[in-house]
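K.L.:
The chain contents come next:
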Amino acid sequence: MSTHPEEVLRLDGITKRFGELTANDAVSFSLAKGEVVALLGENGAGKTTLMNILFGQYTADNGTVSVFGKTLPPGNPRAALDAGVGMVHQHFTLADNMTVQENITLGTRPLFSGRLDRKAARQRIVELSERFHLAVSPDAKVGSLSVGERQRVEILKALYRDVRILILDEPTAVLTPQETDDLFATLRQAIANGLSIIFISHKLHEVMAIADRVVVLRHGKMVDGVAIKDTDKTALAALMMGAEATPPSVAPANPGATLMELRDVTTRDIGNAPGLKSVSLALRSGQIIGLAGVSGNGQAAMAEIVGGQRKPADGSLALAGEDITKWTPRTAVQNGIARIPEDRHKTGTIADFDLTENAILERYNDAPFSRGGWLDWRKSHRFASEIIEKYDVRCPGPDTTIRLLSGGNMQKLILGRVLEAAPQIILANQPVRGLDIGAVNYVHSQLLEARNRGAAVLLISEDLDEIMGLADVIYVIAEGRLSPTFARGEKTPAELGLWMAGQGFDEPVREEGGHHAS
Amino acid sequence: MDIIEILFTASFWAAAIRIATPLILATMGELICERAGVLNLGIEGIMVVGAFAGWMAVYSGTGLWVGVAVAFAVGMVFGLLHSTLTVPFGLSQHVVGLGVTLLATSATYYAYRLALPEVTSPPKIAAFQPYEVPLLSEIPFVGEALFAQTPFTYFAFLLVAAVAIVLYRTPLGLAVRAVGENPSAVAAQGLSVTAIRMGAVIVGSGFMAMGGAFLTMSAFDSFFFEMVNGRGWICIALVVFGSWRPGKALLGAVLFAAFDALQIRVQQTEIGAEIPYQIFLMMPYILSILALVVMSRRAEVPAALMVPFNKGER
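Residue numbers (UniProt numbering), protein chains in the order written: chain A, 1 to 518; chain B, 1 to 314.
Note that these hints are calculated values from the structure, not bench results. Be aware that a few hints might be false.
Claimed, not checked - Which residues of chain A face chain B? A partial, calculated answer using Cβ under 10 Å:
hint : residue
1    : Phe55
2    : Asp82
3    : Leu94
4    : Asp96
5    : Phe112
6    : Ser113
7    : Trp377
Remember, predicted model here, so these are calculated numbers, not experimental data. Ideal Cβ placement from N, Cα and C applies to all residues, glycine included.
Just chain B, same shape as in the assembly (with noise of 0.2 Å):
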């Protein structure tokens, strides 16, 4: 099966979509933070966390809903640890965040051992289930590659959409890009510069979580260490990718994603056993960075991305 085969597939389409949710959930993440002039390099500790609050929570027997709320919720809590100590205190938000990434992949570590001190194999939960969304799901091709996710996917998608209401069309989202640009602006106008960033990162860091989440719960239904893999850096190129647009950033998530189903793929063909499998994995990172290269030089960044305020300073 050649390459381009492979392109026409449903099931390589319905993967590729699989495989970008925890993205599309966690870029989302990031991109309210960012929007609001944080940077949140806490991003790939909190998916870690995620991934284990919502699988623990489950385990312990609440429902599958109620677990991606605990995931959330978790997520929140070291967001307002990173936006406390880098929003009214105005630290390094790279110092921070990576801080953030340390304490909450230990911590994680830790509370596992905690909560199964026994076991050599962590135990699997019963995992969101594919459901086909009715006459959608029949639609020739379309319908396999994307009506055919677990809910948790199609929430994914459906929280791209919210973001973008919410950026564009709201008072709030109007706020909090405005923190972004110039938070002397913002401050004029006699809002709280510090409400809003602490409210963006919160909330953010929440959809992060919920990404981690996707990976126990869905993707896969157990928690392994060192799972999340890197995805969390991922998110914070695919926001750049996207321009800090939720569209854009959804469309970078799908294909990256889609290198990485693709390589999986094409190391199963006969020219893929010919090269060592390492030249595939690298693949979509360096197919990403070429598409960045090109994607971000007409990007906007936030003015005030990284710069702290400080009431009343000269």
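Next comes chain A alone, as it looks inside the complex (with noise of 0.2 Å):
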């Protein structure tokens, strides 16, 4: 990919406000003919208002869209795939109960034009799948498909519309490391047949990996716009954030007592998750204690066994050597558990409540929020509006919808609800997710602070440089059962993988529960 001569897209001078906020700051750049652009910034830099501006979901205050040299008619995406461009949102717009055939041709025709040419439709459908290696089958209900496979339909919604410019919103950000790779080779397969990309990311290494040439954004400004050949990952960081992004310094640990202990713990298996199997570990305090290993291999159970969600089949837990198997999330909550719970959307918060009552959620029923069965406002909104300013939340106030608030802003509202309770005991289920480079070192300093301080720790992750950063011990979960403990610096990343796919774990099961941590 040398010179990219035809140009396809081009943003002229595009404004967009949202009341007081800019979310869109005069931003202009173009596009050519079988080029990737990525669009680089932090959650709320404006990324995916620019592209609902491009796809004419929202309309803009000030500037033009052209597409093959025509100007776009402003809010319309209508015109916009007619033009030939197509987005793949961050959010799916999948109908579940329907089949893969039905998402992909939904609009493709005239609503009045007869019946539907099923026939043809599917062949289609079935060659352009084999074309850009997208596996997926076109009679499958796509609420039985995964994520990765539902990106995969989204993707063959654009294509079989012949869409010449496809603008793909972190679409990473579900997927996993193979599944992005597997991506990755789509979109060359499409670049080598003449389409161009425009890829929103806030991941460095991917943008680097795929993109000719990278747009960054910054509070709605664009800063610049670069060829990737010319910068590298520290450069664009800088660009992002507008100062260098260091992650947080670890000091060496200093661990005390052991706070909670797992003794031989198993729990059934859900549908296709494993439950654990005999697993015991011990949280000891000033530890951050990591949890590696791929999605769906036990996580699930063991967050929801320490929170208090899931009652163990076999085995026992002790806090502080007390038993407390039969303990619900109310006590655990009550015992100084602190939760970030994998899905900040879904268990979380309560999208609709305000910052106030989501502030309170864990703790509404004692005393200082509630006093004699009466919930005490003052001091619920004292305690949101501490939250917001102490973690940084940023919003319009402690009154907001947290609805409103972007992933990395909800999550601080979540960090602040949980240590601000000085907890003895945190468990950081996936705490980074979807978060940007700025949120993620914020929420890694905090968890260090609070092991500085004397909790224990429990981190699970996916991203094994999460682990290996951030943790002092460190295990690995693979079909529910648990490795043996591993020092930082221990292994390798490639020595850690080949425990995340099951191997070394030769040795009966019973065998695994023997070793009590140190």
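Combine both chains into one complex, guided by the hints.
P.N.:
Take a look at the structure:
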């Protein structure tokens, strides 16, 4: 990919305001045929807004979008589609109860054009999925597909319409590393077929891997547009953050007493998700315990056991030496277990509640938020305001509906909610998934601070870099079995990867339970 | 005559089909609305207004099918009202639906008094007459039960087929189903969620009105207050019973009507005379509830049913 002569898309001086907030401030850039332009920026930098304007879902206050030299009428997705622009949204726009084929062909023929030509449509879908390596069955119900497969359907939807320009909004946020590689192979195939791609991301290594050129947005403004060959990760991070982004430095741990202990805990499998298989684990004060593993290998069971949502089928739990096998989420919270849930939208917050209500969600029934059965809104409000200030939650105020916050700010509120209670045990399940670098560093530094003041932190993550950077001791979980303890730096990523793939668990399961933490 | 014997008479099934027809028509209407994601509780009132409009049109001198068309058109007007409030304005579908039912019912009685201020008993019209389909009506049993009905009933059965074909075989039907499953998916494909939903509610309301019109133009030949008598609510249950599928909903309507026809006949048997007749009146409803409990276990509710779509919301 040397020169790209033919310009297929041009954004000219796009400005969009939402009330006080300027989401896009005079952004201009162009895209050439067969080119991949990455749109890089933190959450809230205005990337998605810009693409929604391009795709006609929002109307810009100023500026124009032109495709193949023709200006698009504003606010009309139909016109964008007809001009050959396709978009794969971050939150998929698929109907779960309908088949893949139905989702793909929806709206591709005039509504009153008589019968659907299902045979021809099916043939075309099969052909496209072969050509672009997007394996998915046309007859499968979308609801039964994995996230990676759903994304393939979204891409097929665009390809089926013969789009010339494909916009992908944070496509890798929900994918495993393997699926990401597959996606990149598909995208390269698409480029070879003459498509142009806008790739929205905040992951630097992916941008470096796939893009020809990168456009960096910060607070709605375009700060730079550079060719990938003329830049590197550090420079891009600096452009994106506005300053050098440095991960928090990790001081040596100073582990203390065992706070919580799992002894030979076994739980039942639920559907495809394996339960724990005779797992023993000690959470010690002043230590970050990292739990590495591929998604769906028993992490959910582990998190629910510690959080009190699930009871062991066999084995026991102890908190400071006292048996707590039969506890509930409520007693867990009351006993100082802080839970940062895996899915902040589904189990971490209530979308239509405001920040105050979400801040007291776990302790609304305890002093000082409740007294004699009455909620004390003034104290709750003050508590939420304190979190907002202390944890830098960017929002209009404690009365804002939490749904309106970006993922990073939502996570900061959850952090504040659990850390303000000075918990002894912190269960951090995928605490930085989907967050940008600034927010990641912030969350990590808060977890380290909690460790340094003597809390035990159980860090569950699918991101091995995160585990290796942060955890003082590392366990690997595979098929519900727990590996022996590894000290920081004891194993290379490749060695841990083998454990994650289930190797090394040769000994019988009983033996796995044998190594109580040192 | 015992119950088993009743079930094997063709006249019993002919009655069941006749009783089922208004339910079939209105159930198709409700099904279209719900498939597009809008619960239309205006159904009861729209059936009342349809019963009146069709009958009044024929009484004023139009042909029977013109009367049916008038009922359809009046139903669409109330559908327009319902969908304007629930789709672009996104108001509560429960409140709007009940409001439409109250408004349509009262407006009908008002119009009745306005049109016929003097009468004590409502005038009769020359209603649809049974038409024996050549050849088919000569099939023993089935012919008498199915093919000696009025043309309006045949229309209802054709409508079920038409609704099924449109829903599952055309781009329009695909869009209607998709808009009830995930409106964002429809918007992202460049279609108008508002137009598709409003269209579905308007057309669906037209069919509900036709269901009402069957009562005054085919089942009976006159208009009475309270004649719809909760049939609209039964149709809402039938849509659930049918798991939002036209064929199954048709089956449900015939089943319910068969219970209804049965209880009338059982009342006249020897045992029936011993038992208070109210028990028999309850029977179809009790059996429907039981059937509903069994059938709706596996029902696939349209995912976006009763969820308003606001463009550009986060």
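K.L.:
Does each hint fit the structure? Answer for all of them.
P.N.:
Status of the hints after comparison with the structure:
1. Phe55: holds (8 Å)
2. Asp82: With a minimum Cβ separation of about 8 Å from chain B (threshold 10 Å), the hint on Asp82(A) holds.
3. Leu94: holds (6 Å)
4. Asp96: holds (6 Å)
5. Phe112: holds (6 Å)
6. Ser113: holds (6 Å)
7. Trp377: violated (26 Å)
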